[in-house]
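A.B. asks: So the sequence lines, in the order shown, correspond to chains Z and E. Per numbering that gives the first Met the number 0, the very first residue in the first sequence carries number 0; after that it's consecutive. Per numbering that gives the first Met the number 0, the very first residue in the second sequence carries number 0; after that it's consecutive.
Simulated from the structure, these hints should not be mistaken for laboratory data. For each residue, glycine too, the CB sits at the ideal point set by N, CA and C. Treat the hints with care, since some could be wrong.
[Claimed, not checked] Label-pair ranges, simulated between beta-carbon atoms:
{"#": "1", "chain 1": "E", "residue 1": "R48", "chain 2": "Z", "residue 2": "S150", "range": "21 to 27 angstroms"}
{"#": "2", "chain 1": "E", "residue 1": "A35", "chain 2": "Z", "residue 2": "E105", "range": "41 to 47 angstroms"}
{"#": "3", "chain 1": "Z", "residue 1": "L215", "chain 2": "E", "residue 2": "S38", "range": "17 to 23 angstroms"}
{"#": "4", "chain 1": "Z", "residue 1": "G234", "chain 2": "E", "residue 2": "G45", "range": "19 to 25 angstroms"}
[As the list claims (entries may be wrong)] Chain Z residues, not near chain E, derived (Cβ > 10 angstroms throughout):
{"#": "5", "residue": "K26"}
{"#": "6", "residue": "F95"}
{"#": "7", "residue": "S107"}
{"#": "8", "residue": "S135"}
{"#": "9", "residue": "P177"}
{"#": "10", "residue": "W181"}
{"#": "11", "residue": "K182"}
{"#": "12", "residue": "L185"}
[To be verified] Reference listing, derived: stretches of chain Z covered by chain E, where coverage requires no fewer than 3 residues with Cβ under 8 angstroms from a Cβ of chain E:
{"#": "13", "segment": "41-51"}
{"#": "14", "segment": "210-220"}
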Amino acid sequence: MRSLGHSVGCHGLNHTEEEDLRRLESKQEFALLREATLILEDALGEPINAFRSPCYRISNRTLPILEELGYKVDLSVSPQHFPLFSSSLWSCGRMFSPRSPYHPSESSPYRRGSLKLLEIPTSCLLIPFAQASILSLPRMATGIMTKLLISEARRLGRVVVLQFHPESVVGKDDWKYPPLVWKDFLPIQSGGIGLRYRLIERDPVKVRELTDSLLLRLRVTPELQPLSVDEFLAGVPGAGELAGKDEVNLGSDEVSCSRSQVGRAAQSLP
Amino acid sequence: MSVTLSSSGAEFPRHRKRRASLLITLDLHKHLELAACLSESAEIFGQHRAHVTYLVPPLTFESTTPWRGLFVMCAR
Chain Z
0 MRSLGHSVGC
10 HGLNHTEEED
20 LRRLESKQEF
30 ALLREATLIL
40 EDALGEPINA
50 FRSPCYRISN
60 RTLPILEELG
70 YKVDLSVSPQ
80 HFPLFSSSLW
90 SCGRMFSPRS
100 PYHPSESSPY
110 RRGSLKLLEI
120 PTSCLLIPFA
130 QASILSLPRM
140 ATGIMTKLLI
150 SEARRLGRVV
160 VLQFHPESVV
170 GKDDWKYPPL
180 VWKDFLPIQS
190 GGIGLRYRLI
200 ERDPVKVREL
210 TDSLLLRLRV
220 TPELQPLSVD
230 EFLAGVPGAG
240 ELAGKDEVNL
250 GSDEVSCSRS
260 QVGRAAQSLP
Chain E
0 MSVTLSSSGA
10 EFPRHRKRRA
20 SLLITLDLHK
30 HLELAACLSE
40 SAEIFGQHRA
50 HVTYLVPPLT
60 FESTTPWRGL
70 FVMCAR
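So here's chain Z without its partners, still in its complex pose:
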């Protein structure tokens, strides 16, 4: 896989509803993350660099634990992610988190600080730049969202992070939903409101067409450099040793800007 440019990261241990890092005690959280890391590293025979928590649920302790376990990148923050349709109605800290890669604080994953671990936020414009969002939006809206995120990344030295799930790449055969009921407008255990799942296109033929269309659009955009997380890290000089420095070089051609510039730009965004 590595020879094809792919990487493997950790996505929790089980990805079950019970695995909510915000609700675990410190020792439990450490044990869970350590077990997941050891299993993956043992199976793959190499260190794992990247982590994303299931459903973007992280506690204030998660990132220091990840750093202790040797991770270099976390992808669990989705800034300005409007909570109504998101994975969690109650996690509002990310609404105000930076949009550029940053070294997070030891006390909050949503603020800049002194951890060596690099937080690479998942791209978002109120809804995350995820295939599930793209399968819910009209094509014109997808096109505008994609253009805006690429333009923002180029101008301000940010990274475009696109999230897929397997079924959002290939669809589902049993995609027809039962009739709409009032419960679809209430919060559900897995996060957000049930209605959001009904908006997602599931027809395998249409899903494949939309996925191909999006990937083709990204592929023919010369301003984009597609990278796996490990390739991205390889382009960051001294990745993991940048804490406290004013400048973060993002690894691609000429993408380099000071934290103060990025901070000012982030503040100017809605």
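For chain Z, the structure is supplied; the task is to place chain E on it using the hints.
C.D. replies: Positioned in the frame of chain Z, the structure of chain E alone reads:
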């Protein structure tokens, strides 16, 4: 990108444009037909030469899918 012609006719870019990094992540979780999904996803990403970071919750698949072998299979 606009170009400037030198006296010898060689082309030089007038302004080097910034490139943005694109990170594509595929978050895996329990799925009844994970093997088929993953295989097809790998095919689609391969066709588009997309570099992907697979994010894996390891115990999800331990009992149902030998996911390490699956990755190797997809990579082929």
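A.B. asks: Are the hints correct? Go through all of them and say.
C.D. replies: Comparing the hints with the structure gives:
1. Our hint of 21 to 27 angstroms for R48(E) and S150(Z) holds, since their Cβ atoms are close to 23 angstroms apart.
2. Between A35(E) and E105(Z) the C-beta distance comes to about 42 angstroms, which sits within the given range of 41 to 47 angstroms.
3. Between L215(Z) and S38(E) the CB atoms are about 21 angstroms apart, so this pair conforms to the stated range of 17 to 23 angstroms.
4. The supplied range of 19 to 25 angstroms is met by G234(Z) and G45(E), whose beta-carbon atoms lie about 22 angstroms from each other.
5. Separation of K26(Z) from chain E is adequate, the least Cβ-Cβ distance of about 19 angstroms exceeding the 10 angstroms criterion.
6. With a least beta-carbon separation of about 22 angstroms from chain E, F95(Z) lies farther than 10 angstroms from that chain, consistent with its non-interface assignment.
7. In this structure S107(Z) is separated from chain E by more than 10 angstroms, as the shortest Cβ-Cβ distance comes to about 23 angstroms.
8. The beta carbon of S135(Z) is kept farther than 10 angstroms from every beta carbon of chain E, the shortest such distance being approximately 17 angstroms.
9. Taking the minimum C-beta to C-beta distance to chain E, about 19 angstroms, the non-interface status of P177(Z) holds against the 10 angstroms cut.
10. With a closest Cβ-Cβ approach of about 28 angstroms to chain E, W181(Z) is found to remain outside the 10 angstroms limit, as its non-interface label requires.
11. With a least CB separation of 23 angstroms from chain E, K182(Z) remains clear of the 10 angstroms interface cut-off, as annotated.
12. Taking the minimum C-beta to C-beta distance to chain E, about 23 angstroms, the non-interface status of L185(Z) holds against the 10 angstroms cut.
13. For a cut-off of 8 angstroms, the count of residues in the segment 41-51 of chain Z with a CB near a CB of chain E stands at 5, and the three-residue condition holds.
14. By the rule of at least three residues with a Cβ nearer than 8 angstroms to a Cβ of chain E, the coverage given for the segment 210-220 of chain Z holds, with 6 such residues.
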